[in-house]
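Participant: Spelled out, the chains give:
Protein chains: 4
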Amino acid sequence: MADIAKEDDILGRARVRDTPELEAYYEDLAKQETGALWTVANSIEPWQPTPTSAPVLWRWEDLRPQVLRAIDLVRPEDAGRRVVYLRNPKRKEVSAACGWLFSGIQTMKAGERAGAHRHAASALRFIMEGTGAYTVVEGHKMSLGAKDFVLTPNGTWHEHGIEEDGSTCLWQDGLDIPLTNALEANFYEVHPDDYQTTNLPLDDSPATYGSPALMPELDKWDQPYSPLLKFRWDQTYEALQAYARVTDGSPYDGVIMRYINPKTGADPMLTMGANMQLLRASEHTKAHRHTGNIIYQVAKGEGYSVIGGKRFDWKEKDIFCVPPWTWHEHCNTQGGDDACLFSFHDLPTMRKLGFYAEQALEDNGGHQVVTG
Amino acid sequence: MADIAKEDDILGRARVRDTPELEAYYEDLAKQETGALWTVANSIEPWQPTPTSAPVLWRWEDLRPQVLRAIDLVRPEDAGRRVVYLRNPKRKEVSAACGWLFSGIQTMKAGERAGAHRHAASALRFIMEGTGAYTVVEGHKMSLGAKDFVLTPNGTWHEHGIEEDGSTCLWQDGLDIPLTNALEANFYEVHPDDYQTTNLPLDDSPATYGSPALMPELDKWDQPYSPLLKFRWDQTYEALQAYARVTDGSPYDGVIMRYINPKTGADPMLTMGANMQLLRASEHTKAHRHTGNIIYQVAKGEGYSVIGGKRFDWKEKDIFCVPPWTWHEHCNTQGGDDACLFSFHDLPTMRKLGFYAEQALEDNGGHQVVTG
Amino acid sequence: MADIAKEDDILGRARVRDTPELEAYYEDLAKQETGALWTVANSIEPWQPTPTSAPVLWRWEDLRPQVLRAIDLVRPEDAGRRVVYLRNPKRKEVSAACGWLFSGIQTMKAGERAGAHRHAASALRFIMEGTGAYTVVEGHKMSLGAKDFVLTPNGTWHEHGIEEDGSTCLWQDGLDIPLTNALEANFYEVHPDDYQTTNLPLDDSPATYGSPALMPELDKWDQPYSPLLKFRWDQTYEALQAYARVTDGSPYDGVIMRYINPKTGADPMLTMGANMQLLRASEHTKAHRHTGNIIYQVAKGEGYSVIGGKRFDWKEKDIFCVPPWTWHEHCNTQGGDDACLFSFHDLPTMRKLGFYAEQALEDNGGHQVVTG
Amino acid sequence: MADIAKEDDILGRARVRDTPELEAYYEDLAKQETGALWTVANSIEPWQPTPTSAPVLWRWEDLRPQVLRAIDLVRPEDAGRRVVYLRNPKRKEVSAACGWLFSGIQTMKAGERAGAHRHAASALRFIMEGTGAYTVVEGHKMSLGAKDFVLTPNGTWHEHGIEEDGSTCLWQDGLDIPLTNALEANFYEVHPDDYQTTNLPLDDSPATYGSPALMPELDKWDQPYSPLLKFRWDQTYEALQAYARVTDGSPYDGVIMRYINPKTGADPMLTMGANMQLLRASEHTKAHRHTGNIIYQVAKGEGYSVIGGKRFDWKEKDIFCVPPWTWHEHCNTQGGDDACLFSFHDLPTMRKLGFYAEQALEDNGGHQVVTG
Ligand SMILES: [Fe+2]
Ligand SMILES: [Fe+2]
Ligand SMILES: [Fe+2]
Ligand SMILES: [Fe+2]
Ligand SMILES: [Fe+2]
Ligand SMILES: [Fe+2]
Ligand SMILES: [Fe+2]
Ligand SMILES: [Fe+2]
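As given, the protein sequences belong to chains H, F, Z and W, one line each in that order. Using the working numbering, the first residue of the first sequence is number 1, and each one after it goes up by one. Using the working numbering, the first residue of the second sequence is number 1, and each one after it goes up by one. Using the working numbering, the first residue of the third sequence is number 1, and each one after it goes up by one. Using the working numbering, the first residue of the fourth sequence is number 1, and each one after it goes up by one.
If you are wondering where the hints come from, they were derived from the structure by calculation, not from laboratory data. Where hints are given, some of them may not hold.
Unchecked claim - Below are the DSS-like pairs computed for lysine-lysine, each with C-alpha atoms no more than 27 Å apart in a straight line:
| hint | chain 1 | residue 1 | chain 2 | residue 2 |
| --- | --- | --- | --- | --- |
| 1 | F | K92 | H | K92 |
| 2 | W | K90 | Z | K92 |
| 3 | H | K90 | F | K31 |
| 4 | W | K352 | F | K220 |
| 5 | Z | K92 | W | K310 |
| 6 | F | K31 | H | K109 |
| 7 | H | K220 | W | K109 |
| 8 | H | K31 | F | K90 |
| 9 | F | K310 | F | K92 |
| 10 | F | K220 | Z | K220 |
| 11 | Z | K315 | Z | K92 |
| 12 | H | K352 | W | K220 |
| 13 | Z | K286 | Z | K109 |
| 14 | Z | K92 | Z | K310 |
| 15 | H | K310 | F | K286 |
| 16 | H | K286 | H | K315 |
| 17 | H | K31 | F | K92 |
| 18 | W | K90 | Z | K31 |
| 19 | Z | K31 | W | K109 |
| 20 | H | K92 | F | K90 |
| 21 | H | K90 | F | K92 |
| 22 | H | K92 | F | K31 |
| 23 | W | K310 | Z | K31 |
| 24 | Z | K315 | W | K315 |
| 25 | W | K220 | F | K286 |
| 26 | F | K220 | H | K352 |
| 27 | W | K31 | Z | K109 |
| 28 | Z | K286 | H | K220 |
| 29 | W | K92 | Z | K90 |
| 30 | Z | K90 | W | K90 |
| 31 | F | K310 | H | K31 |
| 32 | H | K31 | F | K315 |
| 33 | Z | K92 | W | K31 |
| 34 | Z | K220 | H | K352 |
| 35 | F | K90 | H | K90 |
| 36 | H | K90 | H | K315 |
| 37 | Z | K31 | W | K315 |
| 38 | H | K92 | H | K286 |
| 39 | F | K109 | H | K31 |
Isolated chain H, as found in the complex:
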């Protein structure tokens, strides 16, 4: 603290001391809806970001029963969506899991169906349990199995449900609702017919756009988001394994791939991206930090992450977040099997706006000292 105070006492920083004259001046400025920049400059122009979010891990063994409990407490048609959301203790006022990202766990029973709607916020889902889940996006219906990843982009009509012959399903929702609200750009509409009707064949989106390095010759896609709306787990895991055979991987993330819009190679939605990464047996990555918020779900295996100096042990389906500019490293504690982490984040937002910055930890062999 003393340190920082000293740093601010140099040329190029505000270092004006209060005087009675200045105080009178500040009062006069306030009357005209103005202020003196030097009274706030050092705080609004910090040397580096200080994240407001806390690193948090939500255990699936804690979450699951609470989410299931909601089945008897509320109906989708009253709740809108039967979702328990992850509330970062430092971001309660914006209902965010981390930074400007929302996340929740949703559950539906066989035969349930939520009404179609659309909003300016973008959404994604990562399926956790159950059979028979489906999502319909702009008339494209997709069947969903465990660990499949599905998009409901910005402005698209969408609805979710479980087939009559399915089982109770649980999935993680990820949205940029807090960002959309912060930018005062959220709109919401309920579908005029309550539900979408569609003549399109089931899973037409993955059948059309989900093959490697091939596109329909006659494609007319012109939306700013991915025409591929569902990414299958079996293909994703296979891809990671193939890539793992030929790469050393990242020192900070192991073998890490990015879900893309196959039509352009860009992130699949405008504001949020998603990754799946594989940590080899016993792999312990080095620490780095960067801007942007990341929310992880453990897709396979067990281990721990050190985030901001604190150790978070995780196993399959646990969820945790890494706030901006916070050191983090990951460790697969399994000696004989790989571990996989799904994550979604606002890095596309950060990159588009020129706000992405990254730093490797140099000290201590690249590893944090665990203090928490």
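Once you've looked at the hints, dock chains F, Z and W with the ligands against the given chain H.
Facilitator: Leaving out everything else, chains F, Z and W with the ligands in the frame of chain H:
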């Protein structure tokens, strides 16, 4: 109000009523850093945006003397920059003029020079008064006259000063500091040598990139911002007059042009854009509203704008803001001369993230009923 | 013919008749390396393109033995490449199969290896027979099986060979050599070490870039061609079948997909593209014509195509070409199985230059009258 | 020659010697519309390009009287356009001035008007003499003065004429007709009404798009070519002078700028680009060579160029060409004034297709030995 409550009572909105059972459930959820979405859903997914900023007009006749008063109160080398900032009464906590945009009026005397620094936030300046002002960006020094517009993009070393033979200058600063902070991505560095040294000829940027539809054949520019860092008022006004001869203009904005990166046609910086618009003699535009925050400075003439139903009369050098999703229309009250409005805004951010939305006012011939 | 002559006798066409005066004038012009435009205008500005190439079908049963015969006649180290090329009877002077496209059939025996080299021309290969074939491009070695498609883009070091334990292989080469020569832009270099050495794992390119809708997070690819250099037949056929389940397909091409650069969605090389199309059992497409040259190889099944009014019957491995602006339609004569056509073409060149044009045949239910 | 034969006798080149067996084989191949690659390989895969065009200079003092002579010989309504074209002695068969580029000198008298038409070929014009010339492109009418540069892009309706109160005009036409024909993609249409009718104000294109670094806010331009169709000489020369004050320029080209599409920064048309370059008093550039064809017109001053070892002296309005991969350097022989060269070329085609290559002359201080 009653109206909205009714609207939220439909399928597709959250309409769960509290019960003792639910209240117990909510308490349990809170213990696990979670919450029930339906308790916040309608508020975090509003039907449409409700801006938090107030429309405000800052009169130059009020601002100018207060800003000049600072000359005797603080030195640039202590204040960092001698700036009186515009503080929206609803955005005090983030020191913003509107939304996530910062703006202030800066003044420097002949021979003064502020230290070089850089930050993740982007900045722009619109010169208001005085002679001899200059800005140096990454070694490119630019001389600045009244109504010239100059950029200091994200991450560039920059400094400002007034030549010894100049006069006291005033200019408006525009920055995305509040946005950069909200996204937890701000960094600040003081130049290791306090000031930049440069061998580049004065005004090399406009000499190289400031001509119509011509680019250096051998240009190696690879930055995400405009290589043209200064936009001259005489050329801008001439451009508007030429365009005015061949266009009807926009019903909402008159004859409006956008400052661009001449290398790409895109906005000159990643997060913020700027426009100059001309209202013909007696022109009164129709009202529309859209997402994004706009801060206007009257570059020429006088008139008024109706913003959110309230009339704001303006004349040259007055500054006013239009918050997101707020109806606005402009009127040039001069019968014999055109009026010009300079503006800067965060529309590039909104557009990149898919958050731009716009609506024309249909009622009352497209004009607001003035209530304030 | 009389018809066309008449058409040229209108305003907007050259219709100057020779006179003694004009003839004297033309002679004077010729002495100054000039000419009168109106003497050539109608011929250099035709109403529509007249292709110089003939439609040709090369039967595999004819080609194969001739190609194999070369094995005993020349060694790769003397021939450079042991290739029998397809010589369009109307394009002999440029050694082209169609338009500005070169194609040939290459064969190598187990253990043979051709020297590494590079050239400004782009090349592609479609494997026809044999096991153990491989290609090395810029150090990336790829194993090749029947119907795999492999790239050796513009300017890349490349070499081909057959593993010691492989069998005699045959494949089709496609190159834009004639185009590169026509544009006077061809360069050729022999590798300084005769062969490339590489430490990269086998098939690292498909392992890294060959998975659906996933990209390495940390990818640094910055070349103008696809980082995926090999496209597997099993995945391609599977993709077509999946897509066939959800699309009606094109009236002119059935179920048709384009091989893409998975990093960008663009064609995999700058000048040439490639497609695979599936004709359903008994499908007979309608006729259209367009600019650009296409060379087809039958990947599966049998049928015929009508090209410029002439019927060409084909079966697996037969090769045929469709010249520019020539009507063509395809027919799968198999009642119980699909047929597949591989094709490569210069449509990326045509599209980049603004030269793509297309027309559907309106008459006769969209089918040509077969005259040849 | 002996030299090259030797070079071709290495591994990686074709070096098969004829035998009776091979000759029989070649005959058999020919019967099947095939050939042996190794019989043509070294010629179709040259070590480097050998241009087919000759460097030529056309003197204005020779051209001008011949062009004017045509006024009495043909009427525009019979000739289509009254153009004397530049016929490279090595490219007579394609009516090209250099490579695949056409160029001619057109003349029209006051009150003459040529019929509207369109074609797949792109065209440009550089005005040489006279007053009152105009071009109409897609309804946009542009007035043209000396040294103005105007586009009639690929596929646009266009027509030229001279106002009644104008004088006899001469201008240089540049087109990619030979390229369009080589790619078998040319189409030609005469306007159904013979002439375009238009309500658009005169010079609306430059008034809208011709200002530095400003674009209409509401622009809907979606064509692949520049919305700015006319580039004024006064602005161009001013731009060069401004740029000259702050740049050393290119060692090969002096102070050189590229005409761009101001909406994108790209070349203004898909296949052809244009430059204006300024050689300072007494400047003598170094020699380089590159792929692509360039046709120069001297816009100001006098000097000479050395092209392929031959010296070509030029003065204002002279035209000369530089074929691909031919050494060239330029010299302004005026001690007290700058010289300017306008040029147009097919470099956009070369760059889009990956065919651009460039080399500096290392020997002799970077200057050619003049042999011709
Ligand atoms: Fe939703
Ligand atoms: Fe990270
Ligand atoms: Fe600053
Ligand atoms: Fe507006
Ligand atoms: Fe090759
Ligand atoms: Fe076709
Ligand atoms: Fe024309
Ligand atoms: Fe050159």
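Participant: Just pull the numbers of the violated hints for me, sorted ascending.
Facilitator: Checked against the structure, the hints that fail are numbers 5, 7, 13, 15, 24 and 38, while the rest are satisfied.
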